[in-house]
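**Q** In the order they appear, the protein sequences are chains S and B.
Sequential numbering of the first sequence, starting at 1, is according to my numbering.
Sequential numbering of the second sequence, starting at 1001, is according to my numbering.
Think of the hints as simulated: they come from the structure by calculation, not from any bench.
The reader is advised that the hints may include incorrect statements.
Unchecked claim - Straight-line distance between alpha carbons at most 30 Å, and here's what the computed BS3-like set of lysine-lysine pairs gives:
| no. | chain 1 | residue 1 | chain 2 | residue 2 |
| --- | --- | --- | --- | --- |
| 1 | B | K1163 | S | K47 |
| 2 | B | K1239 | S | K47 |
| 3 | S | K47 | B | K1161 |
| 4 | S | K47 | B | K1466 |
| 5 | S | K181 | B | K1044 |
| 6 | B | K1163 | S | K55 |
| 7 | B | K1163 | B | K1044 |
| 8 | S | K47 | B | K1044 |
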Amino acid sequence: MGAYIVRRILITLVMLLAASVLGFGVMKLTPGNYFERLLLDPRVSPKTVEREIAKRGLDRPVYYQYGLWMRRLMRGDLGASFIHNRPVTDIIASRVLNTLVMNVLAIAITWLLAIPLGIYASVHQYRWSDKLLSGLSFIGMSLPGFFLALLLMWIFAGMLGILPAGGLTSIDHDQLSALGKLADYAAHLAIPVVVLAVGALASLQRITRGNMLEVLRQQYITTARAKGLPESRVIYRHALRNAINPLITIFGYEFATLFSGAALMEIILNYPGMGMLMYEAIQAKDEPMVMAGFMMGALMLLLGNLLADILLAVADPRISYQ
Amino acid sequence: MKRLLLVLACLAVAAGGVAGCKGKGKAGGAKPPILGPASPETYKPAVGKFGGRIIIASLGEPKTFNPIVANETSSTQITGMMWEGLTTANPWTGEVAANLATSWTHDETGLVWTVRLREGVEWSDGKPFTADDVLFTYETMYDPNITCSMRDLITGPNGEKWKLEKIEDLTIRFTLYDKNAIFPLLIAAQVIPRHMFKPLVDGGNFDSTMSTDTPPEQFVGTGPFLLSRYEIGNRVVMKRNPRYWQKDAAGQRLPYLDEFVYLIVPDLNVQVLKFRSGETDLVSMRPADFPILAGQTGTDYVIYRLGPRLGSFFLFFNQNTGSDPQGRAFVAPNKLKWFRNKLFRQAMSHAIDRQSIADNVFNGLAYPQYNEFNEVLKLPFGAPDLLKMEYDPQTAKALLAEIGLTDRNGDGALEDQDGNQVEFNLTTNSENTDRVKVAEVIRKDLEDLGIRVNFRPMSFNTLISKLDSTFDWEACLMGLTGSLEPHFGANVWRSSGHTHMWFPMQKTPSTSWEAEIDKIFDDGIRELDEQKRREIYWQYQRIAAEQQPLIYIATQEGLVAIRTKFANIFPTGVTSLPEWGVLNHLEGIYVKGE
Chain S
1 MGAYIVRRIL ITLVMLLAAS VLGFGVMKLT PGNYFERLLL DPRVSPKTVE
51 REIAKRGLDR PVYYQYGLWM RRLMRGDLGA SFIHNRPVTD IIASRVLNTL
101 VMNVLAIAIT WLLAIPLGIY ASVHQYRWSD KLLSGLSFIG MSLPGFFLAL
151 LLMWIFAGML GILPAGGLTS IDHDQLSALG KLADYAAHLA IPVVVLAVGA
201 LASLQRITRG NMLEVLRQQY ITTARAKGLP ESRVIYRHAL RNAINPLITI
251 FGYEFATLFS GAALMEIILN YPGMGMLMYE AIQAKDEPMV MAGFMMGALM
301 LLLGNLLADI LLAVADPRIS YQ
Chain B
1001 MKRLLLVLAC LAVAAGGVAG CKGKGKAGGA KPPILGPASP ETYKPAVGKF
1051 GGRIIIASLG EPKTFNPIVA NETSSTQITG MMWEGLTTAN PWTGEVAANL
1101 ATSWTHDETG LVWTVRLREG VEWSDGKPFT ADDVLFTYET MYDPNITCSM
1151 RDLITGPNGE KWKLEKIEDL TIRFTLYDKN AIFPLLIAAQ VIPRHMFKPL
1201 VDGGNFDSTM STDTPPEQFV GTGPFLLSRY EIGNRVVMKR NPRYWQKDAA
1251 GQRLPYLDEF VYLIVPDLNV QVLKFRSGET DLVSMRPADF PILAGQTGTD
1301 YVIYRLGPRL GSFFLFFNQN TGSDPQGRAF VAPNKLKWFR NKLFRQAMSH
1351 AIDRQSIADN VFNGLAYPQY NEFNEVLKLP FGAPDLLKME YDPQTAKALL
1401 AEIGLTDRNG DGALEDQDGN QVEFNLTTNS ENTDRVKVAE VIRKDLEDLG
1451 IRVNFRPMSF NTLISKLDST FDWEACLMGL TGSLEPHFGA NVWRSSGHTH
1501 MWFPMQKTPS TSWEAEIDKI FDDGIRELDE QKRREIYWQY QRIAAEQQPL
1551 IYIATQEGLV AIRTKFANIF PTGVTSLPEW GVLNHLEGIY VKGE
């Protein structure tokens, strides 16, 4: 197992290198650069723009720019954002916690609800409760997140006025007691977390149900029931253990999204997370920022996969990586 | 499980019920009053009360708090509260008015200006404001290592600079390299404190050390508000500057408000929602939001319809005669012939139904525009009685026939002398949904004349690189923010300008009318007599009205809602940012008592 992990980490490094070449190349293929848009202001002269471009080496060949970026990265320097004139790491650091909190809460709610609901639905297949859950799942899956966010804001902030319309804290946050601060965060996090959870919940519930149904049809389940085991033991010991593998793989992917935001929803809820930051960076072609976000995403995806593979081996004794 | 679902269902019903009750409760009151802009004569601020705050939403977050580097509105609207210039512009007329300077006079050569600074102005840390600060500010703007878009406006074509000398503590002599009629306006640039910022400039990275993570105490200013805190991606809180120099009629130091809060809300729908739920005090709305906010009853806000805002929005054709390095012409020769013909452009202008665009795309909350300065605004620099290419398809048809574009084979579409079908590609940036809709209306209008328009919106970056470097486009719909001062549009109108959109960066003007406009802008900036100067600028507008290099379409109306609890509100519509049109003279705005 140890050797396997080491090997996987080495492969991860190679994959990251390949991803960086690809990402850098694709970004360079898109037209224009951040400073050219300054030209649209009649008061800025082309000379000023040229100077800004030269200052950052954007007029050099692409391989040279890539080399420069790579050399900096090796020293742990992701460069300075063009838009904000500040180190990319600082800016990401100021946002990443917001995104992490939101995603962890959303993922926790999703899993804590989806798996029991999925099991319940599979055990009560074709009963009215299963049909209701199916119906709700389809609604949840087909509702776009941004629409749900607007709808919830309209109901809870616009009509009822019990939740704030987006943001992370209220203006008087600093004057609140510790408990008040926590409640303030909770009120602001409620809508984004629910929106994120609803979409994921719906599909995860369906997948759990499908897997469970598959397993419940197996002969060893019939055997277990025939030998007189209590139903709860049949379901949780015999069926669930075998139905859980695909879910672990999904968990690996979810892990990868921990630091990546949901841009559209963050914009609507003006939640200061990574999604909004990256969306802005890509639109403006803020190259150091885009590359940092891209590399972070790639790294998390590879780590998530690794984690899932390890968890699979732990959960299922039939899987071994020798 | 069944019980849980039941509870959920009950909750949903309850939510609906409560919402229903609240809706009914509101039905009793009156709709919000709808007012127009104030006129400059009515500006008589009352003595107000101290305290309170105003909360407004901003689409973008500040990129820097450095007043020298800042170049886009989400940053400049904040630096503009902290630092002030020597002069300021009258919000209604654009006339230059005193601010940190009390007088500015020039000698008979027009090159030497003597500027007297206001006495008794203090920086927010208590240090006196003197000529040294002004000298330092211009030194910093001229520093080649610092990014500053203002520098281009105060530098001559061969790198000449202004010379500044301190005569006394509060008197400065500016020696210019050439006559400059807008000198009084240019010195409205924000002045920064030497004692705080000199070490930063000397340290060599002034650009980045004054960015958004610098501790707020370092931002020592003369303006009415100071930075209190910046919660990244969330809000900017400004607090009252207790040492601000302006006083009210009762001799009390302004501003009245304790705090000015910017919420960063990147979505316009949410901005409206936040205003409706009472989280913000002011909202600048889109035409589509107007009926919603104006239709509410029992509200605590007023709506200002401010008339056409500054800024323009136009259709233009590629008149570039050049070719790319492979020798391919930027524009196909047959099309270039049409595009460079003024009758063709006039026909296009006549073919566009601007009123229908204003009505359909902008819900009727826009004004048709025919020339750079919308005549509805009656601006001092706007030429009177300009030619207006009004909607008239018959005239358009006749003009096209005059240059040989008629339906030659009876298929309903127009062809030129060589049998080429009259068609072109039209583009705009796809992010701007209003422009995309306008382009669709134009396409239909031209189709009625028998011209085929292939509308291909593209991303902003792609469009900019086409307009700036590859030049392979045919027709484009674009906008520019406006200004009351025509010289700020010099780079648009001068044939050598990089924003001379239809044929940028020409070595020598390619037409006689472009040469004429070049001369007008050279003369205009050197004419110090206000009235004569206006007349000089009227001439280029007359040429543009006839030549139609930019076919202006429509100007949106500035629409702002603000809570009635605020007093001393004297809105102006002559701005590209309507919220600032309502908040002009921010230092005098106060919250009324119960």
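**Q** Would you mind marking each hint as holding or not holding in the structure?
**A** Quick rundown of the hints versus the structure:
1. K1163/B with K47/S: The hint holds at about 22 Å.
2. K1239/B with K47/S: The given pair, whose Cα atoms are some 38 Å apart, is violated under the 30 Å limit.
3. K47/S with K1161/B: Holds, at roughly 16 Å.
4. K47/S with K1466/B: Between K47/S and K1466/B the Cα gap is close to 19 Å, so the pair holds against 30 Å.
5. K181/S with K1044/B: 43 Å, violated
6. K1163/B with K55/S: Between K1163/B and K55/S the Cα gap is close to 28 Å, so the pair holds against 30 Å.
7. K1163/B with K1044/B: 39 Å, violated
8. K47/S with K1044/B: Cα-Cα ~45 Å, so violated.
Hint compliance for this structure: hints 2, 5, 7, 8 are not met, and every other hint is.
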